[in-house]
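Engineer: Just need the whole structure built from these sequences, with the hints factored in.
Counting from 1, position 143 in the sequence shown corresponds to residue 143 in our numbering; the numbering is continuous, with no gaps.
These aren't lab readings, by the way, just hints derived from the structure by calculation. Cβ atoms here follow ideal geometry from the backbone N, Cα and C, with glycine treated the same way. Any given hint might turn out to be false.
Said to hold, decoys possible - Pairwise CB distance ranges, derived in the manner of DEER restraints: (1) S442 with Q349: 54 to 60 Å; (2) I50 with Q181: 54 to 60 Å; (3) S442 with E174: 46 to 52 Å; (4) I344 with F398: 24 to 30 Å; (5) G32 with T366: 49 to 55 Å; (6) Q181 with I143: 49 to 55 Å; (7) E210 with S249: 44 to 50 Å; (8) S170 with T59: 58 to 64 Å; (9) G32 with F398: 44 to 50 Å; (10) L461 with Q181: 46 to 52 Å; (11) K76 with S519: 41 to 47 Å; (12) T549 with I143: 45 to 51 Å.
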Amino acid sequence: MITNLNIKNFVIVKELELKFEEGLQILTGETGTGKSIIVGAINVIFGGAIHAGMLYDETKPALLEVTFNVDKSNIKFFELLSKHGVDFSENEVFFLREIFTNLRGKSFLNGRRISNSIVKEFREVLLDFHSQRDQQKLFNENIQLEVLDKFGNLVSQRDEFEQNFKELQSKIKELEKLQEQEKTAQERVKLYEYQIGEFEEINLKIGEDEKLQNELNFLNHAEEILNHSSLLEQEIYEKENSVYDIINSFIHKLSNFKDDNSHIKKAITSLRESLGDLDDTISEIRQIQNSINLDSLRQEEVEEKLNTINSIKAKYKKNVPEILDYCSKIKGEISSFTSVKNKIIKINQEIDKDSKEIWKKANLLTKKRKEAAKILEDEIQTNIHKLAIPDARIKIRFDKEIIEKKINNELYGLTYSGQDKIEIFFSANIGVKMQPFKYAASGGELSRFLLTIKKILSDKLEKKTIIFDEIDIGLGGKTAELLGEFIFNISKFHQVICITHLPQIASYAKDHFLIDKKSGMNLTEVEIKKIDKTERKQEIARMLAGSKTELALKHAAEILSLKRK
1 MITNLNIKNF VIVKELELKF EEGLQILTGE TGTGKSIIVG AINVIFGGAI HAGMLYDETK
61 PALLEVTFNV DKSNIKFFEL LSKHGVDFSE NEVFFLREIF TNLRGKSFLN GRRISNSIVK
121 EFREVLLDFH SQRDQQKLFN ENIQLEVLDK FGNLVSQRDE FEQNFKELQS KIKELEKLQE
181 QEKTAQERVK LYEYQIGEFE EINLKIGEDE KLQNELNFLN HAEEILNHSS LLEQEIYEKE
241 NSVYDIINSF IHKLSNFKDD NSHIKKAITS LRESLGDLDD TISEIRQIQN SINLDSLRQE
301 EVEEKLNTIN SIKAKYKKNV PEILDYCSKI KGEISSFTSV KNKIIKINQE IDKDSKEIWK
361 KANLLTKKRK EAAKILEDEI QTNIHKLAIP DARIKIRFDK EIIEKKINNE LYGLTYSGQD
421 KIEIFFSANI GVKMQPFKYA ASGGELSRFL LTIKKILSDK LEKKTIIFDE IDIGLGGKTA
481 ELLGEFIFNI SKFHQVICIT HLPQIASYAK DHFLIDKKSG MNLTEVEIKK IDKTERKQEI
541 ARMLAGSKTE LALKHAAEIL SLKRK
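Structural biologist: Structure representation (structure tokens):
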């Protein structure tokens, strides 16, 4: 609620400080005293347009400051503070707007410079101007749905639905992303599967190409190797005077002298060792001969496989270890692709399940809204009859989008608020067909309709300061009394600042401020003061009769003596 309003050098106000309390704060005064300056100042503080004539003294700047004590239940306000990083303590904030002589302005929140757009954000959560602009909001079907949900205590259920809907939409977007990945990967996976088939067909192993090359070289020279090994065996063993025979002969001849000379003994030992080495050599040669296969089929087989391996190496520009690493990598990518397919299956199942659940919740929300709508229709109709529209009829009509489900799981017929589109239909007169409210209601009817809504929802809305600026134009008598009662009932839950010219409304005030205009020395200045019980009776008398006659004072006393509870 507003606790202080300070105005300096603004229009016809030189300097003014007002202290407001909770409940109904009434401002009255004779026509032309500048009652709307208070509302105008608050409006300018919260981003209203600056124009010529706003400076009392055009050589000095104007300073407009308002202080709020904010109820902890106003969650949106505290979210805004956090969003914009504003320091806050003891539930008080103050907004200041400075208007310079060049008619430019600066806005401040708790001493910190802020933009006009931020000021307007705070206006939405702190103030409710009962103005034509706010009345126009009632034409918006989303606002009408908000009114219904607040009346039916369905906001938390709707918020839960909205959260579920966002989660479902998030899953749908994830599914679309995975499907796009799958589509992009399919061609690549086909290529990878073909390449893996190539690698696995030849059963590549590290070092196999070198081993096959060595074997091929051996097979290509097998006959030559066989001839050389046979000749060597003959020279060593088989021919007359073979190497083996010659060495044996020397050993035999020298053995007669081995005891005579140590060198001869060593030579004989070496020769005998040489014979052993020759035996080993012949054994190896025979192994070579046994391993030689002059079958051309094996040579062709080795050559063919080696050519295949070399062809793969050339094709991929990689050696065998690199090819095996590449094969392992693309197998991993195929496995990831399989994982994507499994995710798609899983998320599709979740979406199907969640879709069924969210439709159940949407249908339940619709059912409760329709139940609440019937009660709200009666409430509005009963209350608006009291405000001089006795034949008014109200109907809240429900509509739906086409409800279907696309293949890609995008849900038609559902929004963040459910499946309902509602529109208020209205007729002010008997025999006149009901039409959408935005076409059927006049300005006065619209104002009273909005007041009725505020009265009905007063205990369900976030706590704000509600400002009524001469809402009572054109009303009087019993209707004015009922209008005062409406505003008073709203003030039980919200601070209300009301400018009025009707005594029936003024009599409901918790605090009553009198606005007076004084002229002198070529200047006009507004003064506002909070009036006491006696002054209040005199002001009500003036409002009743235009003058403070004895009869008017008596009538004023009677009005003020009525219980305002």
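Engineer: Taking the hints in turn, state whether each one holds.
Structural biologist: Here is how each hint holds up against the structure:
Checking the proposed 54 to 60 Å range against S442 and Q349 shows it holds: the Cβ atoms sit about 55 Å from each other. Between I50 and Q181 the Cβ separation comes to about 55 Å, which falls inside the hinted range of 54 to 60 Å. The hinted window of 46 to 52 Å between S442 and E174 holds, with their beta carbons roughly 51 Å apart. Remark: the range hint 24 to 30 Å for I344 to F398 is contradicted by a beta-carbon distance near 37 Å.
At roughly 53 Å, the beta carbons of G32 and T366 sit within the given window of 49 to 55 Å. Range check, Q181 to I143: Cβ separation about 42 Å, and the 49 to 55 Å hint is violated. As the Cβ distance of E210 to S249 is approximately 46 Å, the hint placing it in 44 to 50 Å holds. Between S170 and T59 the CB atoms are about 59 Å apart, so this pair conforms to the stated range of 58 to 64 Å.
Taking the beta carbon of each, G32 and F398 are about 49 Å apart, inside 44 to 50 Å as hinted. A hinted range of 46 to 52 Å holds for the C-beta pair L461 and Q181, which are about 47 Å apart. In this structure the supplied range 41 to 47 Å holds for K76 paired with S519, their Cβ-Cβ distance being about 44 Å. For the hinted restraint 45 to 51 Å between T549 and I143, the CB-CB distance of approximately 47 Å keeps it satisfied.
Comparing the model with each numbered hint stated earlier shows that hints 4, 6 do not hold.
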